[in-house]
Amino acid sequence: MDFLLELLTALSSGLLRTVELIAISAPCGIALGALLGALSIYGGRILSSIVKLFTAILTGFPLLVTMLLIFFGLPEFGIYLGPTESALLSFVLCSGAYISQYVKGAIMSIDEGQSLAARALGMTRAQEVIYIILPQALRRAIPGISNEVIYMIQYSSLAFAIGVQEVYSISKSLNSIIFRPLEIFTALALFYLALCTLANFLFKLARRRLRVMESELP
Amino acid sequence: MQLLDYIPFLVEGVPWTLALVFSGLTMGFSLGLPLSLIEAFGSRGAKLVVDAYVWFLRGTPLLVLLSLLYWGIFPSLGIKVSPFIASIVALGLRSSAYQSQIFRSALLSIESGQLLAARAMGMRDSQVVMHVLVPQALRIALPSWSNEYAIMLKDSSICFTLGVMEILTRAKYISTATGSALFPFLIAGLLYLALTRAGVEAIELLHRKVRIPGTLGGE
Numbered sequence: 001m002d003f004l005l006e007l008l009t010a011l012s013s014g015l016l017r018t019v020e021l022i023a024i025s026a027p028c029g030i031a032l033g034a035l036l037g038a039l040s041i042y043g044g045r046i047l048s049s050i051v052k053l054f055t056a057i058l059t060g061f062p063l064l065v066t067m068l069l070i071f072f073g074l075p076e077f078g079i080y081l082g083p084t085e086s087a088l089l090s091f092v093l094c095s096g097a098y099i100s101q102y103v104k105g106a107i108m109s110i111d112e113g114q115s116l117a118a119r120a121l122g123m124t125r126a127q128e129v130i131y132i133i134l135p136q137a138l139r140r141a142i143p144g145i146s147n148e149v150i151y152m153i154q155y156s157s158l159a160f161a162i163g164v165q166e167v168y169s170i171s172k173s174l175n176s177i178i179f180r181p182l183e184i185f186t187a188l189a190l191f192y193l194a195l196c197t198l199a200n201f202l203f204k205l206a207r208r209r210l211r212v213m214e215s216e217l218p
Numbered sequence: 001m002q003l004l005d006y007i008p009f010l011v012e013g014v015p016w017t018l019a020l021v022f023s024g025l026t027m028g029f030s031l032g033l034p035l036s037l038i039e040a041f042g043s044r045g046a047k048l049v050v051d052a053y054v055w056f057l058r059g060t061p062l063l064v065l066l067s068l069l070y071w072g073i074f075p076s077l078g079i080k081v082s083p084f085i086a087s088i089v090a091l092g093l094r095s096s097a098y099q100s101q102i103f104r105s106a107l108l109s110i111e112s113g114q115l116l117a118a119r120a121m122g123m124r125d126s127q128v129v130m131h132v133l134v135p136q137a138l139r140i141a142l143p144s145w146s147n148e149y150a151i152m153l154k155d156s157s158i159c160f161t162l163g164v165m166e167i168l169t170r171a172k173y174i175s176t177a178t179g180s181a182l183f184p185f186l187i188a189g190l191l192y193l194a195l196t197r198a199g200v201e202a203i204e205l206l207h208r209k210v211r212i213p214g215t216l217g218g219e
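So the protein lines, in turn, are chains A and B. The first sequence maps to residues 1 to 218 in my numbering. The second sequence maps to residues 1 to 219 in my numbering.
Hints are computed from structural coordinates only; laboratory data are not their basis. Incorrect hints may have been included.
Here are the simulated DSS-like cross-link-like pairs (lysine-lysine), alpha carbons at most 27 Å apart as the crow flies [stated by the list, open to error]:
no., chain 1, residue 1, chain 2, residue 2
1, B, K80, A, K172
2, B, K172, A, K204
3, B, K172, A, K172
So these bits of chain A aren't anywhere near chain B, every CB distance computed over 12 Å [unchecked claim]:
no., residue
4, L63
5, T66
6, M67
7, A117
8, E128
9, I130
10, N175
11, T197
12, R211
All C-beta atoms, glycine included, are put in the ideal place defined by N, C-alpha and C.
Please work from the sequences and hints to get the whole structure.
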């Protein structure tokens, strides 16, 4: 127990950095996902095919490849991003691309009558999408979004590959000094489990709080 | 050497990546299917144990699982494993948790009338499971299973941390050797993209062949 406490203290800076990575990229990823999802349906032909290509690439590349491309590849165009910025950008792009697919599916599942009613009330297309369609679609996309955020919590550990001092990276250095791999990596697994379980709980809560009285939704 | 001269070296990573993926999926399947049977039909206690297993493996990053196995669990058991084997075990264990969930929901989606009919024909419960439920569940699960393939393909890139000679490890070598990062990582990304598409299409083809007539997915 004492060892665990010491371990947590030793890892605390990494724990904070990991939480920080997630706290920034989760909301940004959800926002990007909502934007891309809406654009892929309401963006017109050209814009929606650009979005389609963009999501196909981002969901087809492993996150690690995207991250390494941003960190090591962008400087070849004269764009220099630090490790943390590169990691954040790759998390937001990747989770945004995946979330957009859920949002798109959710938008398409919404009854056409909603759109007709909004138009009958004299709303513009933008008003209709922002005030009528998206709030409902995002609610329906919560289970998918929750999955993606939980994936992102786990994949945040990959930021170590470009030198971000998050908790995996710190654990690995610590292990090379005190060499207690079993304890260190078990503690690390428990930390991620706790984060994922917490995220899962929060999304369930959000889902219940935001539920609209609709007969077709459980 | 020119950048293009490195392309064969990069492409030689494809069999390594595919070996990781197929071994991982096979291991995940052989563990996941029995687990799904427990989840769907097992006793309450057995279900709890499987739930805990699934919860642990789905909530632990692959990177952490890989490190725990390679540096922690295997050495403390006195087993010497290569990075390649450790990677397959990590991918396989994680996939078994995901596959158990895929097969569980497929099993539970089969109409209960089938179970009753099979019993009425005098089949034992084990026969019902083997000859009626599992063959259908596998076919129902195929679309979700294709997703699992795509996820594992991309996850296999994480094994570069142990230096398994798969696609990403080679891309990293090329990037170090040539000083150019854009080209090797872009080609690596496109290789993953192509392998994902090819695999998903192949599974879709298989799904069309084995789909169950008379179901919505089988039209």
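Status of each hint after checking the structure:
1. About 20 Å separates the Cα atoms of B:K80 and A:K172, which keeps this hinted pair within 27 Å; it holds.
2. Only pairs whose Cα atoms come within 27 Å are accepted, and B:K172 paired with A:K204 is rejected, the gap being roughly 40 Å.
3. Taking the CA atoms of B:K172 and A:K172, the gap is about 20 Å. The hint holds against a cut of 27 Å.
4. Here A:L63 does not stay apart from chain B, with its beta-carbon only about 7 Å from theirs, under the 12 Å limit.
5. Once the 12 Å rule is applied to beta carbons, A:T66 is inconsistent with being away from chain B; the minimum gap is 7 Å.
6. For A:M67, the shortest C-beta to C-beta distance to chain B comes to about 9 Å, within the 12 Å cut-off, and the non-interface label is violated.
7. Every C-beta of chain B lies more than 12 Å from that of A:A117, the closest at about 29 Å, which supports listing it as non-interface.
8. Consistency note on A:E128: stated as away from chain B, and its beta-carbon is indeed over 12 Å from all of that chain's, at 31 Å minimum.
9. With a closest Cβ-Cβ approach of about 31 Å to chain B, A:I130 is found to remain outside the 12 Å limit, as its non-interface label requires.
10. A beta-carbon of chain B comes within 12 Å of the beta-carbon of A:N175; the shortest separation is about 7 Å.
11. Its beta-carbon lying about 6 Å from the closest one in chain B, A:T197 breaks the requirement of being farther than 12 Å from that chain.
12. The non-interface label for A:R211 is consistent with chain B: the shortest C-beta to C-beta separation is roughly 22 Å, beyond 12 Å.
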